[in-house]
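Protein chains in written order, with our numbering: chain A, 1 to 486; chain B, 487 to 765.
Be a bit skeptical, because a hint or two may be false.
Claimed, not checked - Here are the simulated EDC-like pairs of lysine to aspartate or glutamate, each with C-alpha atoms no more than 20 Å apart in a straight line:
hint: 1; chain 1: B; residue 1: Lys617; chain 2: A; residue 2: Glu239
hint: 2; chain 1: B; residue 1: Lys617; chain 2: A; residue 2: Asp263
hint: 3; chain 1: A; residue 1: Lys375; chain 2: A; residue 2: Glu397
hint: 4; chain 1: B; residue 1: Lys617; chain 2: A; residue 2: Glu245
hint: 5; chain 1: B; residue 1: Lys578; chain 2: A; residue 2: Glu245
hint: 6; chain 1: A; residue 1: Lys381; chain 2: A; residue 2: Glu366
hint: 7; chain 1: A; residue 1: Lys469; chain 2: B; residue 2: Glu670
hint: 8; chain 1: B; residue 1: Lys707; chain 2: A; residue 2: Glu51
Claimed, not checked - Chain A side only, calculated, beta carbon under 8 Å to chain B, not exhaustive:
hint: 9; residue: Val27
hint: 10; residue: Ser41
hint: 11; residue: Ile42
hint: 12; residue: Tyr77
hint: 13; residue: Tyr238
hint: 14; residue: Ile265
hint: 15; residue: Phe428
hint: 16; residue: Leu430
hint: 17; residue: Cys435
Since the hints were made in silico from the structure, they are not lab data.
In this text, a Cβ means the ideal position worked out from N, Cα and C, and glycines have one as well.
Take a look at the letters that make up each chain.
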Amino acid sequence: MAQIIVAHHEEFFLKNANPLWKFFCSVTLTIVLLLSLATTSIIGTVIPQNESPDAYLHAYGAFRYQLLSTLGIFDMYHSWWFQGLLLLLTINIVVCSIDRLSGSWKLIFTRSPKVRPERFTNRSDARTLTDKRNTEELVSVYEPIVARRYAFCKVTRSNNGAVIYGEKGRLSRLGVYIVHLSVILLLLGGLAGSFFGFEGYVNIAEGEATDTIRLRNTGQIHRLDFQIRCDDFSLTLYETGAPKEYRSALTILEGGQAVKQKDIIVNDPLRYRGINIFQSSYGKLQPEKMPRPETPVAGPAEAYTLNFTSRASGMSYTVSAKVGVPVDIPEGLGKFVVMAYEAETAFRGMDVGAALKGILTPKAGEPVEVLLPLKFANFDKMRGGDVMIAVANQPQEKFTPQQSAEERYYTGLQVTNDPGVWLVYTGFILMIAGCFATFYLSHQQVCIVIEQLRKNSRVTFAGTTNRNKLAMKNTTEKIFNAMTNS
Amino acid sequence: MSSSHVLSISTFIFALAAFFYMAALIFKKPRLTLPARWTVVAAVVATTAGLLLRWVESYQMGIGHAPLSNLYESLVFFSWTAGVIYLFVEFKYKNALIGAFVTPIAFLAMAYASMSPNISDRIQPLVPALKSNWLIAHVATCFFGYAAFAIAFGMSIMYLIKARNPEKIEGIIGHLPKLDVLDELTHRMVLFGFLFLTGGIITGAVWANSAWGSYWSWDPKETWSLITWFVYATLLHARLMRGWEGKQIAYLSILGFAAVLFTYFGVNLLPGLHSYGKV
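Bound-form chain A, shown alone (with noise of 0.2 Å):
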């Protein structure tokens, strides 16, 4: 009978159709939506996306660069063609499903389904068989054996007999909308995020705040209503050298007061007024970056005057020397050249400005690279040789190493706002039980009909089901049995 409905109503629907409704009404479109957006999906994987337009010039040359840069390659999952291609999909889900629920909807939700007896005992798989008690003990029989498998019964008697139907599961019929319901949530949501939310990083140093972020997909500078400080950064390591932990003290700052504090590490986030930070790289702080007065310094000269400290006499020399020509040094300590100047140069990490590179050739020992920092006279302390060198005439600052030993880090946030993700959450749950519903669930019908002849009675049996026929089959066959051992 559902099938007739079904087919009547099509015929009818397609007739007064519009093309248009028709084109989308296709199981055929479906399918080759679902192939193309498999097929298009595989290009992003293979081609990098949303890298810098350098990147891909040097990649694929100038003419193929624009050739795919036109066609929405770099970044094809927001192309209008992809999106089209989604659009399109559901558009096909929605009229497919408004098409046959408006079909299927009087079968789901009547209150009290019309049975149509000869639905069942005109089935090739209908059985039938004799009895001597008459309609009324028959019933009394086989009521309680489908009554006790079937939510659903119903007795309708007539003059020549009676027939007891049974279903359950009507309502499984809806699981398919219900998963396609879900794909618009889903769909509605990222839509919605993607409208309303943002999506950015910010990189903070230890001890500073800020409420501006860089927005991911734009580069566009984004300002929060609140202000987050990094209060310390820290990295735990394994002993073998692998990453344990990254972990960002942060508090949240509204007016210069603090309104929230929470450590955070990757997989634990902070959420403050709907806005997420997500623990999502760090790195160390630039030399430049270190708070440093300016010093000047001179720029590169010919020859410059060096001081040389006999650490076991604790005397000091005073030795000009050209770049490149090696002088001796007192007390028959060695022989030093210096190699070149150069304007920056960075010691652990640390900037320690223009400086003078060369190398020492000690009386017994391998030569050595010495770093000769114009405006640290005391650097070259550290090296701990037999003699301590030194630029002398410079302009000079306070080196204090135990600062630079300490490095100084920053933390990188990822600051998220999706007002979609309620909607994405409810279609994941809508799709997991449609899903179910849709494949482990079936809805069964039986139907036992009792004709009183003279004598005895004939009962005609059978079961329909939407789903699943085997497992019908068997269900069946035990009803039967019970029908026939009572």
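Starting from the known structure of chain A, arrange chain B on it as the hints suggest.
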């Protein structure tokens, strides 16, 4: 005995099971499927023991975590799920020869895990991104899905072999289950796999949202799992709404499993967030 030893032994038990099933099929000795079934049971028990032992060992090392954190562990877990689902199918549908196409897959995964020089079987500490309760839920659902698709793939191969000469009753082909049975079982396995793949993608998305602040970022692994999902969604719609069956479904099921394999292995060749699956 360490967990690695136990798992090496279970690799050999899987090999033995595969051997029994193949022998039963090739030498037309259906009696051999009985020892074969008990060998699979033994292999599953040994793998369970190995995984549990590995779990305990990781706690003894002070880096306790579920044994689902790298390629080696995931391959072992894949074989375990394939074995469990297969036993259920054999129990429910009483068709033992399907094992000839499933146990070799489980054995190959175990052997690849144990013997490939590129795969380390050392217990490694978890990187910060994997330290989450979602790890077990995500990996377990994904791998139940993958294993079901692997079994569907095995049945589709059987279907295509059988379909070349469905009437033949002697030889290997004659011993294969009937075409309609294979078709129905493939469909059932795809349904099961699809439900779990959906669950795997969803748990992954929820996890990503709690770890990185974004439930979907088109990272290659995510995208490939979605491609796989599209392929199997196509299969289900083609079958239920357009009445496709038999060879067409078998081809789609093979295509789907190719997508599964790429999601699992191929993605490691591409850049992205899921790098812990790498060797």
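These are the hints, each one checked on the structure:
1. Distance check on the hinted pair: B:Lys617 and A:Glu239 sit about 17 Å apart at the alpha-carbon level, within 20 Å; holds.
2. Distance restraint check for B:Lys617 and A:Asp263: the Cα-Cα separation of roughly 16 Å lies within the 20 Å cut-off, and the hinted pair is therefore satisfied.
3. With a C-alpha separation of about 6 Å, the suggested pairing of A:Lys375 with A:Glu397 holds against the 20 Å cut-off.
4. Distance check on the hinted pair: B:Lys617 and A:Glu245 sit about 9 Å apart at the alpha-carbon level, within 20 Å; holds.
5. Annotation: proposed proximity of B:Lys578 to A:Glu245 is violated, straight-line Cα distance about 47 Å (limit 20 Å).
6. Between A:Lys381 and A:Glu366 the CA atoms are separated by roughly 19 Å; this keeps the pair inside 20 Å, and the hint holds.
7. A threshold of 20 Å between alpha carbons decides the hint, and for A:Lys469 with B:Glu670 the separation of about 10 Å falls inside it, so the pair holds.
8. Under the criterion of a C-alpha separation no larger than 20 Å, the hint pairing B:Lys707 with A:Glu51 is consistent with the structure, at around 18 Å.
9. Interface restraint check: A:Val27 against chain B, minimum CB-CB distance 4 Å, threshold 8 Å, status holds.
10. With its C-beta approaching chain B no nearer than about 5 Å, A:Ser41 sits inside the 8 Å limit, and its interface hint holds.
11. For the restraint placing A:Ile42 at the interface with chain B, the shortest Cβ-Cβ distance is roughly 7 Å, inside the 8 Å limit, so the hint holds.
12. The restraint placing A:Tyr77 at the interface with chain B holds, with a minimum CB-CB distance near 5 Å, inside the 8 Å limit.
13. Satisfaction of the interface hint for A:Tyr238 is found here, the shortest Cβ-Cβ separation to chain B being roughly 5 Å, below the 8 Å cut-off.
14. For the restraint placing A:Ile265 at the interface with chain B, the shortest Cβ-Cβ distance is roughly 7 Å, inside the 8 Å limit, so the hint holds.
15. Given the 8 Å rule on beta carbons, the hint for A:Phe428 holds: about 5 Å separates it from the nearest Cβ of chain B.
16. A cut of 8 Å between beta carbons decides the hint on A:Leu430: the least distance to chain B is about 11 Å, and the hint is violated.
17. With its C-beta approaching chain B no nearer than about 5 Å, A:Cys435 sits inside the 8 Å limit, and its interface hint holds.
Figure legend: structure checked against the earlier numbered hints; hints not met, in rising order: 5 and 16.
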